[in-house]
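Visitor: Chain by chain, the residues:
Number of protein chains: 2
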Amino acid sequence: MGSTRGTFLDVTAAPLDLPALRSRIDLALAEFLDEKSRAAAMHGLPAEVTEFLRGFLFSGGKRLRPLLCVIGWHAAGGHGTPASTLRVAASLEMFHAFALIHDDIMDNSDTRRGFPTAHRALAERHRAGRSGPAADRLGIGAAILIGDVALVWADELLHTAGLRPGQLADVLPVIDTMRTEVMYGQCLDLITTGLPTPDTERALAITRYKTAKYSIERPLHIGAALAGAGPAFRAGLSDYALPLGDAFQLRDDLLGVYGDPAVTGKSVLEDLRDGKHTVLVALALRHADRAQRRTLRALVGNPDLDDSGADRIRRLLDGTGAHAAVEHLIRVRRAQAEQALDQSFLPPTAISVLRELAQDATTRSA
Amino acid sequence: MGSTRGTFLDVTAAPLDLPALRSRIDLALAEFLDEKSRAAAMHGLPAEVTEFLRGFLFSGGKRLRPLLCVIGWHAAGGHGTPASTLRVAASLEMFHAFALIHDDIMDNSDTRRGFPTAHRALAERHRAGRSGPAADRLGIGAAILIGDVALVWADELLHTAGLRPGQLADVLPVIDTMRTEVMYGQCLDLITTGLPTPDTERALAITRYKTAKYSIERPLHIGAALAGAGPAFRAGLSDYALPLGDAFQLRDDLLGVYGDPAVTGKSVLEDLRDGKHTVLVALALRHADRAQRRTLRALVGNPDLDDSGADRIRRLLDGTGAHAAVEHLIRVRRAQAEQALDQSFLPPTAISVLRELAQDATTRSA
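Which chain is which? The protein sequence lines are A and B, in order. Take 1 as the starting number for the first sequence in our numbering and just add one per residue. Take 367 as the starting number for the second sequence in our numbering and just add one per residue.
Extracted from the complex, chain A is given alone in its bound form:
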């Protein structure tokens, strides 16, 4: 879920007009929030909830998951892009807002998309008349709540999408599965953060659940399910989606350590300071000699880590070969994803956009 930097998928010339789709997804979100604002005003309820979510949703974001949902719909032979499909796609973005807001609390993050995170912004807004700790706690409480609202409204967007009963019955199990998977991914992430180990299997499981399934595979499946695709068709999509999703997160891990903050909008200290249990760090710990391992353990997860400490970690990630190994893993997985496309019977428009995505997701700098 950290994988939200920058603006790839800006493929204006693609056969599927992604920028136009993105506008329609944003319109669906905006209209839903407008309805919610009107309802709140009518009942004398605070406008802050809808306005905060509006600000969060429109402060950035690539709309990756909703676009993949629409691509999955087309891949499975869905015609046009009906409003109901778009509204399900929009519901994935609302769910993602929930996930990011809560994720930022759990990660104790200060910034997201170049702005203060929800809990920080809400603490500032309500600081007047409260003690510092009380305002900070209120910021966290309010961000938990606004995340909860986003999750509940993701459901409502889905329930009111205007799906046929058969479509709803087909798509609900996929959505439920996706949600449980991302929760487990987050759980693995949370309990390993701060205590990184050489366990690469565990790090790959986090990558798989938190990103590959959540951000790539399941959005494609959801769109395909809306178009009536069965398990065999979805399995074919997974052959592409899972290696690509892993590669996408591995690239994200590298950007979190080696990226340009001016481009990614995110600190290159935070992941290291938090001690995120990434494949990159696990590989370094595995291949380090005793002295290197001692240094890594002292620095990774150290809340006082500074720029020079981070530089030392980077030299160790390079020196142990972990950095190069992750680049290799990315190449292998991208090749697997492309091979899956070569062997697939998807419509050419879908193949073309999925091929472009495979390139962008693995070579991006933001």
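Heads up, a few of these hints could be off.
[As the list claims (entries may be wrong)] SDA-like mimics (lysine to any residue), calculated; alpha carbons at most 20 Å apart, straight line: (1) B:Lys402 <-> A:Asp176; (2) B:Lys402 <-> A:Pro173; (3) A:Lys36 <-> B:Lys402; (4) A:Lys36 <-> B:Thr543; (5) B:Lys402 <-> A:Thr177; (6) B:Lys402 <-> A:Asp360; (7) A:Lys36 <-> B:Asp542; (8) A:Lys62 <-> A:Asp360.
[Said to hold, decoys possible] Facing chain B, a subset of chain A residues (Cβ under 8 Å, in silico): (9) Val49; (10) Phe58; (11) Asn108; (12) His126; (13) Arg130; (14) Gly132; (15) Gly141; (16) Ala142; (17) Leu145; (18) Asp148; (19) Thr180; (20) Leu190; (21) Ile191.
Hints in this document: simulated from the structure, not taken from any laboratory. Just so you know, even glycine gets a beta-carbon here, dropped at the ideal spot from N, CA and C.
Assemble chain B onto chain A, guided by the hints.
Guide: Structure of chain B alone, referenced to chain A:
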């Protein structure tokens, strides 16, 4: 949502066998968690999530909302108690687990049902190898996550209840409405806590959204919707549910200040220390003279409040007449609820259990 003390609704001799229904609801919850445990084990995912939720759900709770759902089903002429209705009822309890776990973080509460709250218990469990603040933060993060899981699984319980498409279509809007309402109630609660004012309207709005609608009215509506009841029938249920729900919360507010912790399982300091914006406190502020108001402002919401300070507040709540006024509000609302039953055309079994509930909810000591 604070309204979960004790064990009223223990009406063994009632025409609707509530204890038997409660056992079936618990069985539905336990079976669902068993499925989730097996699935997690199969995928090598942590058992902690399901085991924690199981411990939380079975550490207490009156099952008020699921029972009201079943009562609503019977009130609207539903026959027997089919497994699908029970599973929807169980989904309300799973949603309530979510609400309580997040509520306790927002309220910074230490205990719930006589046990450490989720975020406190999870901090202890993961303290090894972490600094104090890091473990506390992890406890909060893990409790946010486990609450999120409960919400997602509440959805899954509902989606897999085996409802007919028409039933699902009827019930989803009521569920969505309930969830948005309780979120707004929580929002009002959160932004007013610590800064209580003489604004009784605002305090009554919190009562209405956080308890009356969420805990009484909507569960009845959900059961009635499953049985095919339309808006007019549901409005009739509201005539009973809303005044009773208000009275229920007003009683809860009194128990939170005057209750016996050995019976309620909850501190009589916490609400006052947090500065909860209750009708009780709002009325006291409204009717206080200048000196009394100054004392109330200094003590209510003071994080260092001790027993003798709480005693001073109680004397002021008595002296301003606020305590007696809240007792009066409870009596008036209970009478309204009973009058609504007198004028209703509900089946006698439903009327009998709703009448008993009206008495228990307003006169309880736990």
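Visitor: Against which earlier hints does the structure fall short, listed by number upward?
Guide: Result: hints 3, 6, 10, 14 break, sorted rising.
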